[in-house]
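Please model the entire structure based on the sequences and the hints provided.
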Amino acid sequence: MGGDRLENKTSVSIASWSSVNARMDNRFATAFVIACVLSLISTIYMAASIGTDFWYEYRSPVLENSSDLNKSLWSDFASDEADEKTYSDALFRYNGTMGLWRRCISIPQNVYWNNQERTESFDVVTRCMSLTLTEQFMAKYVDPGNHNSGIDLLRTYLWRCQFLLPFVSLGLMCFGALIGLCACICRSLYPAIATGILHLLAGLCTLGSVSCYVAGIELLHQKLKLPENVSGEFGWSFCLACVSAPLQFMASALFIWAAHTNQKEYTLMKAYRVA
1 MGGDRLENKT SVSIASWSSV NARMDNRFAT AFVIACVLSL ISTIYMAASI
51 GTDFWYEYRS PVLENSSDLN KSLWSDFASD EADEKTYSDA LFRYNGTMGL
101 WRRCISIPQN VYWNNQERTE SFDVVTRCMS LTLTEQFMAK YVDPGNHNSG
151 IDLLRTYLWR CQFLLPFVSL GLMCFGALIG LCACICRSLY PAIATGILHL
201 LAGLCTLGSV SCYVAGIELL HQKLKLPENV SGEFGWSFCL ACVSAPLQFM
251 ASALFIWAAH TNQKEYTLMK AYRVA
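Its first residue numbered 1, the sequence shown is counted upward by one per residue in full-length UniProt numbering.
Incorrect hints may appear among the rest.
To be verified - Label-pair restraints from in silico Cβ distances:
#1 V124 with H221: 17 to 27 Å
#2 V214 with I151: 38 to 48 Å
#3 I185 with S75: 15 to 25 Å
#4 V37 with G145: 39 to 49 Å
#5 S75 with C182: 45 to 55 Å
#6 D143 with A78: 35 to 45 Å
#7 F175 with V124: 13 to 23 Å
#8 T126 with R27: 26 to 36 Å
#9 S130 with V243: 23 to 33 Å
#10 L153 with I185: 43 to 53 Å
#11 L226 with T126: 15 to 25 Å
#12 C128 with C182: 11 to 21 Å
#13 L226 with L153: 20 to 30 Å
As the list claims (entries may be wrong) - Taking lysine to aspartate or glutamate and the EDC-like style, the derived pairs with C-alpha atoms no more than 16 Å apart in a straight line are:
#14 K85 with D152
#15 K225 with D143
#16 K85 with E218
#17 K85 with E135
#18 K225 with E84
#19 K223 with D83
#20 K223 with D143
#21 K225 with D89
#22 K223 with D89
#23 K223 with E135
#24 K85 with D143
#25 K223 with E84
Just so you know, the hints here were simulated from the structure itself, not pulled from any lab data.
Yeah, the Cβ is synthetic: ideal placement off N, Cα and C, and Gly gets one too.
Following this line, the structure appears as structure tokens:
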């Protein structure tokens, strides 16, 4: 009689524990899904940030004349041999925008550009020039435009980091997504720890890229003062990168928490059953 009661109590305890464990599994699965959504959003934001040209924007009155000086400045901006001072002056004067891979200016349409026919319209058009890998790795000088002034190592490495780190971040998130997919196929949360660590590293890379960009812009403006009536501000592409970093950190925290806590609960349940 006493043995039957003990057996019934044990059965009830196991059933109760199974019910609690099911609720915990649902909680972990919910955290995992939220982390996946955050990861997807941060990946989209990071990709959009890399592919757009509005990391930094200058605001200046557009000059509507087609003087020889302006034509020369526009031609130098479009040249593959344009140095930092040359294209920076054009960005300052003609509502320029800078991305990680392109620079753009807004110029009057009634000018010669790539042998186009001249028009009488003063409509403003945007012209962009892509930055080659050679230009990305080009050294920055202590006095921009003066190659005899010596290499500014700080600005040189800040410039290189600001365009390399976003790609590293995007690659880490994509690799983490593959590991997460494997976790779903295996129906296990254990690989999510690796996914969380990869997202943490991706967030650090994104934060590093943003920091390098801000430092690089500030150092450039210390050496090349903005002209009068010209202002600059960080654009929405830069803001997307700034938003992507905390999303990556939150996704990382959820991945690691779900995997670690689920493993802990599984160990306790196994010990309880053995006892």
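Ascending list of hint numbers which this structure does not respect: 2, 3, 6, 7, 8, 12 and 23
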